[in-house]
Amino acid sequence: MSRTRSVPGPAPKKRGLDHVVAATGYSIGGLRVLWRQEAFRHELLVAFVVFLLHALTGVSALAILAQAICFTILFAAEAINTAIEHIVDHLSPEWSTFARETKDLGSAAVFVLLLANGGLAVGVWLRVLELL
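Under the numbering used here, the first residue of the sequence shown carries the number 3, and numbering increases by one thereafter.
What the hints contain is simulated information worked out from the structure, not anything from laboratory work. Since the structure is predicted, the reported quantities are computational estimates derived from the model, not experimental observations. The reader is advised that the hints may include incorrect statements.
What the hints assert, rightly or not - Below, computed lysine to any residue pairings styled on SDA-like, alpha-carbon distance capped at 25 Å:
| id | residue 1 | residue 2 |
| --- | --- | --- |
| 1 | Lys105 | Ile86 |
| 2 | Lys105 | Gly120 |
| 3 | Lys105 | Tyr28 |
| 4 | Lys15 | Gly27 |
| 5 | Lys15 | Ala41 |
| 6 | Lys105 | Lys15 |
With the sequences and hints as input, model every part of the structure.
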């Protein structure tokens, strides 16, 4: 008589409120991972300073909203970049061109969004100070 080992299948999909609760837990877990990244903490500090300067210079609510959206996109890109780095480190623990270029591309995405945030902030301040 042969013995067969049953291989567990994927967990059943959660639906409705259970799905929302589970997804929220996964997102909180991701934010915890992101918080451990020094670059993310630096970006949060910069965002705080930018919003403080916006408040002190009387920036419009619409400009503050635009900046908030821009920073939110930056934070999402930082999370994706961190995920890419984790995957690459797992798949290619030794140095490789593939690993370097993949990480460089994720970093470039974050850099472009840092430039966008900086450009928006400076443009808004120049406008408020009537220098633009």
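| task | Measure nothing beyond the straight line between the CA atoms of lysine 105 and glycine 120; if it is 25 Å or shorter, mark the hint as holding. | result | 23 Å, holds
| query | Taken at face value, is the distance from the CA of tyrosine 28 to the CA of lysine 105 at most 25 Å? | reply | At roughly 24 Å apart (the allowed maximum being 25 Å), tyrosine 28 and lysine 105 satisfy the hint.
| query | Regarding the pair lysine 105 and lysine 15, is the alpha-carbon distance no greater than 25 Å? | reply | Distance of about 32 Å is beyond 25 Å: violated.
| task | With a cut-off of 25 Å on the C-alpha distance, tell me whether lysine 15 and alanine 41 pass. | result | 34 Å, violated
| query | Does the alpha-carbon distance linking lysine 15 and glycine 27 stay inside the 25 Å limit? | reply | 15 Å, holds
| request: Take the C-alpha atoms of lysine 105 and isoleucine 86, compute the straight-line distance between them, and say whether it is at most 25 Å. | output: 7 Å, holds
Hints 5, 6, counting from the list given before, are not met by this structure.
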